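Undergrad: Each chain, letter by letter, is given below.
2 protein chains.
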Amino acid sequence: MNRIYLDNNLTTPLTKEVLEEMKPFFTHEFGVSSGLYEGSLRADEAIERAQQQVAMVINAAPEEITMTASGSEANLIAVRGLAQARKGIGKHLITSVIEHPSVLDLSRQLEKEGYEVDYLRVDRDGFVNPKELKEKLRKDTTLVSIMFVNHITGTIEPLEEIVRVIREYNRKTGAKVLFHTDACEAFGKLPFDAKKIGVDALSMSSHMIHGPRGAGGLYLRKGLAPEPVIHGSDSRFNYRKGSENVPAIVGFGKAAELARIGVIENLEKVRGLQDLLMRGIEKHIPDVMLNGPRGEKRSPYNVNYTFRYVEGEALTLQLDMHGIAVATGSACASRTLQTNYVLMAMGRRHEDAHGSLRFTFNRYNTREEILQTIEAIKKAFDTLVRISSVKPAGLEQAIKTRPEI
Amino acid sequence: MNRIYLDNNLTTPLTKEVLEEMKPFFTHEFGVSSGLYEGSLRADEAIERAQQQVAMVINAAPEEITMTASGSEANLIAVRGLAQARKGIGKHLITSVIEHPSVLDLSRQLEKEGYEVDYLRVDRDGFVNPKELKEKLRKDTTLVSIMFVNHITGTIEPLEEIVRVIREYNRKTGAKVLFHTDACEAFGKLPFDAKKIGVDALSMSSHMIHGPRGAGGLYLRKGLAPEPVIHGSDSRFNYRKGSENVPAIVGFGKAAELARIGVIENLEKVRGLQDLLMRGIEKHIPDVMLNGPRGEKRSPYNVNYTFRYVEGEALTLQLDMHGIAVATGSACASRTLQTNYVLMAMGRRHEDAHGSLRFTFNRYNTREEILQTIEAIKKAFDTLVRISSVKPAGLEQAIKTRPEI
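Keeping their order, the protein sequence lines are chains A and B.
Position in the first sequence (first residue = 1) + 42 = our numbering.
Position in the second sequence (first residue = 1) + 42 = our numbering.
Everything labelled a hint here was simulated from the structure, so no lab data went into it.
Take these hints with a grain of salt, some might be off.
The list treats identical chains as one, so a pair stands whether inside a single copy or across any two.
As the list claims (entries may be wrong) - Derived DMTMM-like pairs: lysine to aspartate or glutamate, alpha-carbon spacing no greater than 20 Å straight-line: (1) K129 with E155; (2) K154 with E269; (3) K133 with E153; (4) K129 with E153; (5) K133 with E155; (6) K421 with E411; (7) K421 with E174; (8) K238 with E307; (9) K433 with E177; (10) K181 with D160; (11) K421 with E324; (12) K421 with E355.
Since the model is a prediction, treat every value here as computed from it, not as a measurement.
Just chain A, with the same shape it has in the complex (with noise of 0.2 Å):
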């Protein structure tokens, strides 16, 4: 069986062009980058190109490029590294309800620590309120950390609006509140300038654009200074000690550079898969319910709905003997048993984030996958439903003469 791979904001597979780039690196090639011989200049090359290609997706300059081992650690760096280093300003911190759990977790282990956090809230589309951002600036405000793009619903956040607001409030009090946002699942995915939006620090992953796990970025405006979160050996990087996993920071310049090259047209094929996928739930499975928004504020590569009358869980266990992996925000699909925040904040009721389905694209998605997984989300929903308890008079009645896809 062919199978079908739609869980591609929680990894995504490593391209071959990348692995043929980081092979020599792994058994020839093996130095890093602080040696004294042959070997460590050749590791430093390598690392100072695999920033150039990094650094020109989002238009930084090279050395505003901290290669991370994950977006989860750059987000760790530019989080804890500048709040610590700026407490002598403040302990206030913003983020929102519906961070990535590497800022959200965080957070909360700040607020442990003394920090004060403010969480701000999102409409049901999953968009902050910039407004929200404006009243609970204060003068002890060190950092602002607001996400890019929402990783369960696809939200584009109005980050160009946050920074006006920032902006604004360091212009009228002296403040020096810095914005952080984590772009892990816009980088490569959609064009953007980091200089134009005008962020201070950017958190990049490389496993979300089929480079290789173990490595990601942080992008830091020229001029900040995070205090030391990850200790380790001398490297090239003042903000990220240890020796450099080369061969994963070779990979990611190469998957940055693929993905920099295509952004537009994988944009539009993605767009293209988006709008099949859509309109073929909404037209085959009764009651379904759309989770953030539609058109332009949700990013292509995302697809979320809420299934009625079954469970989230008994339906990606359906998909999957279908072969197609997609993933649920059902509590059952999470260790912890919570069901996902992120569709809570949203103000979805309990029972509605847990029939939620997310289905997430990657470049080389095609349109005939996409057809096979409408075709096998109609067969799971139609064996689901004919055992659901909670399910309407005349639904089955209803799926049995609705039109061929």
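Once you've looked at the hints, dock chain B against the given chain A.
TA: Chain B in isolation, oriented as in the chain A frame:
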């Protein structure tokens, strides 16, 4: 030119057999453990197998092994995580002046955050003194962290005695001081049993034993619960969140297995290389000084000498021209321009550290390579001594008349 790599305490080349084991997990089996579909199950099984492979090396239970992104990250989780989790008991920690930067720099950072840290001194051979530890233990001490094998001199610290001192203190006072050891330079090289030594936590590295970078391990005795340090997506591990780097974990497991199987044989082989190199250097280079102990208390994987009348950096560069990669304690070789803090802590003078060379082996090094290295050291030393301004009278004549290798 066939290059000879003798900087294996910095990193080691990945074994081809390990890379082969990793390959399917890059492009085909690319799941992480948290999905509800086939690929995730297989990722989960692969991680579990790697936990077993690592656990077997140190006689731990597989579930006591947390897979991390590096040995340094394991140190971070152990030291910061346990210190923070136990700060209700106290904020006093004990470590040594010769720890790896991932522990030493972290300790300094923790001091900034309000922890009190005592740094045990070492003698001329780099040993900490259990008696000094005994004197430093206090009611508010929560954690002692002393490395297993020093990364610069190969000194094997007296872990059993350290554990005895801590246990006695705990028994007498009712304290619950924990003991962590950074075993990155011991794991897979020296045979040992974590249960028998009686450590509470122990850090391991993958890329020191021909495994991939991006992987490390933390042994945490059952029942220990560090405060969260590495935040991220759901994972198999309670104390290390974030999508698992499955290829790296699989590679680490395989590398651990290969190291375990060959540990005695490799140790004997490397001991032979150590003897050969030490005898060669002492026979042919006048007035060298061994850094670190001689005999059973020194890791056979390490040789470290101070060369007089020449500079470590120049010697390293000369050896590089002969195709030989080694490390030096010279300040010029470090980005921070610090002379090697370990040698200074062992009572060496600035110029002794400056002229030091570290040779560290891997199990693939050969006698032929060591013979070539001795020959190259002679040539390099002769070249440099000719231009040296600090050589004693008669030195050049003495060199000319020395016996052949």
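Undergrad: Against each hint, give a clear statement of whether it holds in the structure.
TA: Going down the list of hints, with the structure as the test:
When the C-alpha separation of K129 and E155 is checked against a cutoff of 20 Å, the pair qualifies both within a copy, at 12 Å, and between copies, at 11 Å. Taking the shortest alpha-carbon separations for K154 and E269, both the intra-copy value of 18 Å and the inter-copy value of 10 Å come in at or below 20 Å. In this homomeric assembly, K133 and E153 come within 20 Å of each other (Cα to Cα) both inside a single copy, at 9 Å, and across copies, at 18 Å. For the homomeric pair K129 and E153, the shortest alpha-carbon distances inside one copy (13 Å) and between copies (15 Å) are both at most 20 Å.
Taking CA atoms no more than 20 Å apart as the test, K133 paired with E155 passes in both settings, with 10 Å inside one copy and 13 Å between copies. In this homomeric assembly, K421 and E411 come within 20 Å of each other (Cα to Cα) only inside a single copy, at 15 Å, whereas the closest approach across copies is 65 Å. Taking the closest pair of Cα atoms, K421 and E174 never come within 20 Å of each other, the shortest separation being 44 Å inside a single copy and 71 Å across copies. For the identical chains of this complex, K238 and E307 are neighbours neither inside a copy (22 Å) nor across copies (60 Å), given an alpha-carbon limit of 20 Å.
Within a single copy, K433 and E177 get their C-alpha atoms no closer than 44 Å, and across copies no closer than 72 Å, so neither meets the 20 Å cut-off. With identical chains, the CA atoms of K181 and D160 are at most 20 Å apart within one copy only, with a shortest distance of 14 Å there and 37 Å across copies. Proximity of K421 to E324 under the C-alpha cut-off of 20 Å is restricted to the intra-copy arrangement: shortest distance 15 Å within a copy versus 78 Å between copies. For a Cα distance limit of 20 Å, the shortest separation of K421 from E355 inside one copy, 15 Å, qualifies, whereas the shortest one across copies, 70 Å, does not.
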